[in-house]
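Following the hints, put chain B in place on chain A, whose structure we already have.
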Amino acid sequence: MKYSGLQKGCVRVRSVLQKGEMLIGSTCLAVMLVMMLLNIFFRYILSKPIYYSDELNNYLFIWMSFLSAAYVMGNDGHVRVTAFVSLLSKRSQLWVKVVMDLIMVVVFFQYIAPSLRMLGRLKLSNMMRIPLKYVYVIMPIVFLLMCIHILVNVIEEFTRLALLKQEAAQANGGA
Amino acid sequence: MLLAVFLLSFSLLFMFGMPISVAMISSSLLYISMRGMDLGFMAMQMFSGLDNFVLIAIPMFILTAEVMNKTSVADKIFRFCNSLVGYIPGGLGHVNVVTSIIFAGMSGSAVADVGGIGRLSYQAMVDEGFDKEFSASVTIASSTIGPIIPPSIPMVVYAMVTNVSVGKLFFGGVLPGLIIGLVLMVYVYVISLKRHYPKNSMTSVRVFLRDLFFAFLKGFFPLLTPLILLGGIYLGVVTTTEASVLAVLYSFILGFFLYRTMKLKDFVECLKQVFATCGSILLLLPAAKVFSFVMTAENLQDIIYQGMMAFSGNNRWLIMLSVNILFLILGMLSDPTVNIMLFVPMVMPLIAASGFDPIHFGVIIVINAMIGNTTPPVGQVLLAVCGIEKLSFEKIIRELWPMIILLLVALAIIIMVPQTVLAIPNALFR
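Sequence lines, in order, name chains A and B.
With the first letter of the first sequence counted as 1, position 159 gets the number 162 in my numbering; the numbers rise by one all the way through.
With the first letter of the second sequence counted as 1, position 172 gets the number 263 in my numbering; the numbers rise by one all the way through.
These are calculated hints, taken from the structure and not from any lab test.
From the three backbone atoms N, C-alpha and C, an ideal C-beta is built for every residue, glycine too.
Among the hints, a few may not be true.
[Unchecked claim] Derived DSS-like pairs: lysine-lysine, alpha-carbon spacing no greater than 27 Å straight-line:
#1 B/K363 / A/K11
#2 B/K223 / B/K285
#3 B/K481 / B/K161
#4 A/K22 / B/K354
#5 A/K22 / B/K363
#6 B/K309 / B/K290
#7 A/K168 / A/K93
#8 B/K161 / B/K354
#9 A/K22 / B/K356
#10 B/K223 / B/K486
#11 B/K486 / A/K93
#12 B/K356 / B/K309
#13 B/K356 / B/K161
#14 A/K22 / B/K161
#15 B/K285 / B/K161
#16 A/K11 / A/K22
#17 B/K223 / B/K161
#18 B/K481 / A/K93
[Claimed, not checked] For each label pair, taking beta carbons as the anchor points, the in silico distance ranges come out as:
#19 A/R163 / B/L300: 57 to 63 Å
#20 A/T85 / B/A518: 41 to 47 Å
#21 A/L49 / B/L300: 46 to 52 Å
#22 B/K223 / A/T85: 42 to 48 Å
#23 B/Q397 / A/L9: 51 to 57 Å
Chain A on its own, in the form it takes in the complex (with noise of 0.2 Å):
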């Protein structure tokens, strides 16, 4: 196989970034669960709230959510309608997926250098005052991340097209 080198790398590129993905939004989620319990504590035992609590759940929650979709990205999972493209041959699925990859990976890419540049622009959050670019940070890190994720399926897609090929190759020898 032509690609097979290449693709071995991007797998483990997936892997590494999953991995990573998951290990910091899972600590999101474990925080935040502990922190709410701890506040609902401090408010009813101790009657004195923490403060910050809520402000910092709502950012632990969207780093998550955002490293969540990436991760699930990565396994090719977001929600899509089939019933059109399934009417298609395998190999025209294949293409059409490719196209639709690489659009998002255009879409993706572009909203980077913007949003790096939002972040100058931040102040600080309202509870916690800390500077909320450390916050925002989250957005072009997701895109960027979104970028290799896909581009990583774009490789197997072409391994799996490559695949087709040859089976219909021999296919048509055996005949």
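Okay, now just chain B, sitting in the frame of chain A:
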């Protein structure tokens, strides 16, 4: 012109199988760069699409269901239902419906229901000699109850876009969920008599009561979950989001201390599992935010408002009918979360002007969206069951359509009698 490009590009990308969320982001990107607006601002819009405390309940509800599925809770609920309704003709069919109702009180999404407890009921039905297609259809139809009886992810999203109280919505869903369950059970009963489906044979009332009692004892603690959730919200002790966290804690305590089927490692596994799946729902929210930004900029709400007024005049029932037809069609094409986020703000002024209660309407829309979830071409639940049980789509449809019609009848009743929704929240929140 710009609007046409925007809508056309979205429909094309959507039809050619781009993920719905990304298709929304892409078509809005096209529009925004054509208008020469700043993309950095759009990135902020996406961020703010998730910046809402209520939304944190979504992963928590998924986590609760996940933990419940991991501990042997599903099994216990199934046994309880089996000793409760297994003796009615069509026994396991009713068990399937009632387990869905009970599990609905612990989970907020229909897909989670068919993947967890739905599989158990389906397998049991097939083993007992029910037709596969019939069993699958009952599983699919009863899974619609999941997000109608609280907790409910679509209701959280509805509450977010309309600013109504999640608590009231949750209580509003209780009776409609039961009505739908009842309607389905009547249907299962009739069909079972006709086709001679099996039931559990009752030896004596004493044995029945004894079995029921023990099954109830074993299932008692999981059965409390919805009470804790709703009780916490009702008493004003906690917000919905905090209640969702307490539900997680409760399910964890059940699995860890009571049943001892869960270790800390399993819980971490659940966290990871939730992380690995929730992204596909949650990306829809920022995507819908930028999408609706464009729709607002182009005044699409107004266009739809005018169109519907032209169609239905001033007749409030015609307005309700047209809104429902709109949502049914949307439900067939797209995801419930997306439909609620994008189109509820559009029709809300119309609905409010014609004197419908926003809580009543919220429950109607969620039921409507769930029915859409069971129909082709994009019925997530339908596709999930087809995928898991390896059944053909067409064969299931043949068994499923009478149930879908019954669900629509139930929906009509709920629309026409607002008290079915409003009785409980009105009595509680005075």
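Hints and how they fare:
1. Between B/K363 and A/K11 the alpha-carbon distance is near 25 Å, which keeps this suggested pair within the 27 Å criterion.
2. Taking the CA atoms of B/K223 and B/K285, the gap is near 17 Å; set against the 27 Å cutoff, the hint holds.
3. Of the pairs offered as hints, the one joining B/K481 and B/K161 holds, with about 23 Å between alpha carbons and a cut-off of 27 Å not exceeded.
4. Proposed proximity of A/K22 and B/K354 is supported: the alpha carbons are some 22 Å apart, at most 27 Å.
5. For the suggested pair A/K22 and B/K363, the alpha carbons sit about 10 Å apart, so the restraint of at most 27 Å is met.
6. Of the supplied pair hints, the one linking B/K309 and B/K290 holds, its CA atoms being roughly 23 Å apart against a limit of 27 Å.
7. Of the supplied pair hints, the one linking A/K168 and A/K93 holds, its CA atoms being roughly 11 Å apart against a limit of 27 Å.
8. For the proposed pair B/K161 and B/K354, the alpha carbon gap of about 10 Å is at most 27 Å, so the pair holds.
9. Simply put, A/K22 and B/K356 have alpha-carbon atoms about 17 Å apart, close enough for the 27 Å limit, and the pair holds.
10. Between B/K223 and B/K486 the CA atoms are separated by roughly 10 Å; this keeps the pair inside 27 Å, and the hint holds.
11. For a cut-off of 27 Å, the pair hint linking B/K486 to A/K93 stands: about 23 Å separates their Cα positions.
12. Straight-line distance between C-alpha atoms of B/K356 and B/K309 comes to about 25 Å, which keeps the hinted pair within the 27 Å bound.
13. Taking the CA atoms of B/K356 and B/K161, the gap is near 12 Å; set against the 27 Å cutoff, the hint holds.
14. With a CA separation close to 23 Å, the supplied pair A/K22 and B/K161 stays within the 27 Å bound.
15. With a C-alpha separation of about 37 Å, the suggested pairing of B/K285 with B/K161 is violated against the 27 Å cut-off.
16. The suggested pairing of A/K11 with A/K22 holds, with an alpha-carbon distance near 16 Å, which does not exceed 27 Å.
17. The hinted pair formed by B/K223 and B/K161 meets the criterion: a straight-line CA distance of about 26 Å does not exceed 27 Å.
18. Proposed proximity of B/K481 and A/K93 is supported: the alpha carbons are some 20 Å apart, at most 27 Å.
19. Between A/R163 and B/L300 the beta carbons are some 59 Å apart, a value that agrees with the proposed interval 57 to 63 Å.
20. A beta carbon spacing of about 45 Å between A/T85 and B/A518 agrees with the range 41 to 47 Å that was offered as a hint.
21. As the Cβ distance of A/L49 to B/L300 is approximately 47 Å, the hint placing it in 46 to 52 Å holds.
22. Against the hinted window of 42 to 48 Å, the Cβ-Cβ separation of B/K223 and A/T85 comes to about 23 Å, which falls outside the hint.
23. One distance hint, 51 to 57 Å for the beta-carbon pair B/Q397 and A/L9, holds here, with the actual separation near 54 Å.
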